[in-house]
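> Sequence:
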Amino acid sequence: MDQRKYEIDQALKVIKAQSAADVCFIMDCTESMGAYIAAAKNSINILTKTLTALFKIPPRLAFIGYRDVSDGANKLIRMNFTTDVGTFQKVLGNIAVFGGGDECEDVFGGIQAVAALQW
1 MDQRKYEIDQ ALKVIKAQSA ADVCFIMDCT ESMGAYIAAA KNSINILTKT LTALFKIPPR
61 LAFIGYRDVS DGANKLIRMN FTTDVGTFQK VLGNIAVFGG GDECEDVFGG IQAVAALQW
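In full-length UniProt numbering, the protein residues as written are 1 to 119.
Note that these hints are calculated values from the structure, not bench results.
Keep in mind that the hints are not guaranteed to be accurate.
Stated by the list, open to error - Calculated pairs, DSSO-like style, for lysine-lysine (alpha carbon to alpha carbon, straight line, at most 27 Å):
#1 Lys13 <-> Lys41
#2 Lys49 <-> Lys5
#3 Lys41 <-> Lys90
#4 Lys90 <-> Lys75
#5 Lys49 <-> Lys13
Just so it is clear, the structure is predicted and the values come from calculations on it, not from any experiment.
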């Protein structure tokens, strides 16, 4: 009986250790998002706090921002997964919107960047 209880306790520890979330936010960071970016950042921060409270351990958070194809090297913002919620929120707070001319946004490039993360 003691062995069975031990095995159940060990299994529960494994389940709890895996009860976390990997969350990547992807967002248009062109100038046209200027009016919405603060609300989007605020919503992400609220969700981050909720996830942390829900799982009792920090979720792994990542961020991908995309801009116009013509923005060259600045068309993608990449933040790899981290469990440091404070660092994530600081990076998120420093994201600036720019670009957004007549070229289309590189949504597909953003999705590719999400797929390339270490899930």
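> Does each hint hold? Answer for all of them.
Here is how each hint holds up against the structure:
1. Under the criterion of a C-alpha separation no larger than 27 Å, the hint pairing Lys13 with Lys41 is inconsistent with the structure, at around 34 Å.
2. Straight-line distance between C-alpha atoms of Lys49 and Lys5 comes to about 34 Å, which puts the hinted pair past the 27 Å bound.
3. A C-alpha spacing of about 11 Å is found between Lys41 and Lys90, which places the hinted pair at or below 27 Å, so the restraint holds.
4. For a cut-off of 27 Å, the pair hint linking Lys90 to Lys75 stands: about 20 Å separates their Cα positions.
5. Among the hinted pairs, Lys49 with Lys13 is consistent with the structure: their alpha-carbon atoms are about 23 Å apart, no more than 27 Å.
Comparing the model with each earlier hint shows violations of hints 1 and 2; every other hint is respected.
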